[in-house]
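Chemist: I would like the entire structure built from these sequences, with the hints used as guidance.
In order, the protein sequences belong to chains X and B.
Residues in the first sequence are numbered from 549 upward in steps of one, following this note's numbering.
Residues in the second sequence are numbered from 9 upward in steps of one, following this note's numbering.
Warning: the hint list may mix true and false statements.
Derived, one-sided and incomplete: chain B residues facing chain X with beta-carbon distance under 7 Å [claimed, not checked]: (1) 41; (2) 49; (3) 50; (4) 51; (5) 53; (6) 56; (7) 90; (8) 96; (9) 112; (10) 113; (11) 114; (12) 115.
Listed next, the stretches of chain X that the computed footprint assigns to chain B, with coverage defined by at least 3 CB atoms under 8 Å from CB atoms of chain B [said to hold, decoys possible]: (13) 592–602; (14) 655–662.
In silico negatives: residues of chain B with every beta carbon more than 12 Å from chain X [as the list claims (entries may be wrong)]: (15) 23; (16) 30; (17) 45; (18) 62; (19) 65; (20) 67; (21) 70; (22) 79; (23) 89; (24) 100; (25) 110; (26) 117; (27) 119.
Just so you know, these hints were derived from the structure itself, not from any lab.
What you are looking at is a predicted structure, and each value in this text was computed from that prediction instead of being measured.
Backbone N, C-alpha and C define an ideal beta-carbon position, used for all residues, glycine too.
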Amino acid sequence: GAGVSQSPRYKVAKRGQDVALRCDPISGHVSLFWYQQALGQGPEFLTYFQNEAQLDKSGLPSDRFFAERPEGSVSTLKIQRTQQEDSAVYLCASSSSQYRGMFGNQPQHFGDGTRLSIL
Amino acid sequence: SQQGEEDPQALSIQEGENATMNCSYKTSINNLQWYRQNSGRGLVHLILIRSNEREKHSGRLRVTLDTSKKSSSLLITASRAADTASYFCATDASSGTGRRALTFGSGTRLQVQP
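Modeler: This is how it looks when you write it as structure tokens:
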């Protein structure tokens, strides 16, 4: 497709259930990011992949959060034993470039997100 | 945690007026980017300004960057009802072996009245 695709768009789960969120980045994009966005706030970084390698997972809030990108394209964010505080919009973004030195990275292309509600 | 603070948090103007949003940040950066988010949608990249640039234009958008004050502003001229959205600044402080992700501010919610 032309853009970043995320599924499902909405997910409702009961507290304690496991959920899996999928991201299809733009074809050929090397970099893939997951962000969490609380209502009325800006996105907050969760984790970053360069191809299939997870280079930064410093933003994952607990060991209940796990992300993978086994073939360097599609990525899945899994949350185990969900809690009410996990309710948020989860955004995926991809970017074409690797690190470019002092000028940083290319802009990121975002999907429309998955709105997760934990009851 | 969010690096940027945006001001104002909310802004309501009439169509045709100019809208100015400000962003302050805390650490040294490689570039600063502005994104727009319509309700229920993802973020759309608007403009990127590098750390060695002071001003940049794109259509009705004008961005300034003052690295000595660690601040940036976004000006939207001749606003339209379709400009109604939330606007976020994001800083890129990436390094070769370190962090690559953007750090976002808390956003300015712009309402343009027709």
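Chemist: For a quick check of understanding: which of the numbered hints are violated here, in increasing order?
Modeler: Violated hints: 7, 17, 24, 25, 26; rest satisfied.
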